[in-house]
Amino acid sequence: MDFLIGWIAIIPNYATPLVLASLGLIICERAGILNLGAEGLMAVGAMSAAIAVLSGGNPWAALVAGAASAMALAFLFGMATVVLRADQTLSGLAVVAIGLGVTGVVGRSYVQKTFVGIPNLGDIFALERDTAVARIVAVQDPITLALPVMVGLLWWWLMRSRSGLRLRAVGENPAAADVAGVDVQIVQLGAVLASGLLCGLAGAYLSVATSHVWVEGMVASRGWVAVALVIFARWNPARALVGALVFGSADALVPRLQAVGADIPVYLMMTLPYLLTLLVLVIGSISGRRSGEPAFLGRIYLRQDKH
Amino acid sequence: MTASTNMQRRRKCLVAITAALLASAATGAHAFTLEGPPKVAFIYASSAQDGGWNEALEAGRKAVEEQLQVPVAVTENIPEEATKLRAAIDLYVKRGFNIIVGTTYGYSAPMAEAAKAYPNVAFLSASGTENGPNMESFYARTYQGWYLAGVAAGQATKTKKIGILAGFPVGVVNWDINSFALGARSVDPTIETVAVFTNSWWDPVKEGQVAQAILDQKADVLATNLSATSALDAAEKAGVPAIGFQLDMSHAAPKTIQTSVVFRWEQYLVPTIKEIIDGNWKPEEFGAFEGLDKGVVDLAPLGPSVTEETKAKIETARQAIIAGTLDPFQGPLKKQDGTVVVEAGGKLDDAALWSMDYFVEGITGTMPAKQ
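Read top to bottom, the protein sequences are chains G and D.
Position in the first sequence (from 1) plus 1498 gives the number in the working numbering.
Position in the second sequence (from 1) plus 83 gives the number in the working numbering.
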């Protein structure tokens, strides 16, 4: 029972950064811009937020700082892909390289300095940890708590609202959207900035909410997991939440089984999220059903191509 | 993505040293002599100020510069690729540098090549596996420090359950974990040690999460065998005694810190480089592998909650290890499953240490990928 409570309590901690980043990627990619830069955006978010706290800032303000600086990098990506119409795959990889490189240089003197981060609910409300539910709730943080609401709102906006429809139209058929009077570039630029905001928040969550320290490379490929998660979720925010919980619970289970000395294939279990993603891809392509992938994803829209 | 740079964190398959033990021919009996004035260069695979492994070596570099009054150059971010490292070495040699210090396991083989090409240049390779007439690999008997940390943990625990998190299950990590458990059991043989691998060298987020997994098992002492401080942060929050590694981590857990097992590379680098300069350096045939006796491994100052009794016990164990009357891996030594590794009266030799791929009795944990 204790094992179960401990495990359930920690899963949101694993899932939250993945959800935040993949929501950002979903918005961006629904608008037709392939975004492989999550790793770099998260790196910038993690570092900027840590520097903000270490410079005496409030942890909540630090989250904003992390999101804002990742947005600045996303703006560069948007300029390259939307305005200058550069190749999106290469630009995305460049964002990763820039993000990791810049954080290595700028963050140099902030490495390994422990700070006080976002408090959890147990600390904020001085909860008694007497029941199972209280023990699970007490270790959650306000961001995690807000996450289901965020996912719900985003899903509604994307799938049900008029502006969400416009964004999806740009990703499916920009020419048609253009004819209908949608400013394709503005929508795409906005979507790219949103991905910067959410990926930056995801990175900031890692440093300010989870580990309370910054070191170079601490995003540790979570950005790439988010990229995989988007495919797993077939560009649907609700499914991204479910997927992140599945990935997170698998990830959280491995060390916990090790800690009780269970005889488990550790390395095999660690590949589970990726195997699941592959499975979803394979099933998607075999069944012939629409995978959810925006039809114009990764392609460059030029107005004169209108037909 | 970061796996390759992380791999440089010393430890990877140092097991390969067993191969080196067999393969390397006897080194020349002649002392090595430098040509020209001594100039030292340190090459790092990533930032020298990484808050962990590199920073510990960087402290050694500064000591060399200050105490020996020789010019010391530094290059960072040279990847563990033969061509890139060789280009850096070539450039240094051209500029008259004649003592090259490589700081990662991954430099070992290309450094050995360069050592053959430049017989009048001295090469020192941290956590390397290659040795020769002008090249010496060096590492530290970290398990000796971890035994002392285990004594501290054994004294501090009330639940008789302590925990440690580590990177990958390679020899130099396994000996730390095992020695830690044995040190604790020297205090009380009923103590159980929970050991978990994060399967990463450099992921503070995961380290904090794994620390929580260990604390959930009711462990009331938490040690980290990794470079980041997030596990200690978790221990401090839970009010659990904490033990750090590589550098003094007391800043992450000012109240609950017991100690940190630290490298003091200056204790190796300063005398060795002095020998090189003085012309009486003879590289060790199988590499330099120093411990508590030379002070290359040590404990950081003990924390405020460490009792006088514990301090005395640690000191007794330290003196016994230095005197050679105590070896953490002396028999009788049993594996986790009860099979005997060493009978009473025996002890493990260095080759057996490097290839350690098991947990000892008293450890709860899963050893991934058993061969």
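Simulated from the structure, these hints should not be mistaken for lab results.
Small disclaimer: the values here were computed from a predicted structure and weren't measured.
All residues carry an ideal CB built from backbone N, CA and C; glycine is no exception.
It cannot be assumed that every hint is accurate.
[What the hints assert, rightly or not] Result set (SDA-like, lysine to any residue): computed pairs, CA atoms no more than 25 Å apart in a straight line:
#  : chain 1 : residue 1 : chain 2 : residue 2
1  : D       : K365      : D       : K167
2  : D       : K167      : D       : K243
3  : D       : K301      : G       : R1627
4  : D       : K243      : G       : A1624
5  : D       : K320      : G       : V1604
6  : D       : K243      : D       : P337
7  : D       : K241      : D       : A321
8  : D       : K338      : G       : L1643
9  : D       : K244      : G       : F1501
10 : D       : K241      : D       : K301
11 : D       : K145      : G       : R1627
12 : D       : K199      : D       : P337
[Stated by the list, open to error] So these bits of chain G aren't anywhere near chain D, every CB distance computed over 12 Å:
#  : residue
13 : D1500
14 : I1503
15 : W1558
16 : A1578
17 : L1663
18 : R1664
19 : Q1683
20 : L1704
21 : A1707
22 : W1712
23 : A1757
24 : V1758
25 : I1762
26 : P1763
27 : G1790
28 : L1795
Are there hints from earlier that the structure breaks, and if so, what are their numbers?
Violated hints: 1, 2, 4, 5, 8, 11, 12, 13, 14, 20, 21, 22, 23, 24, 25 and 26; rest satisfied.
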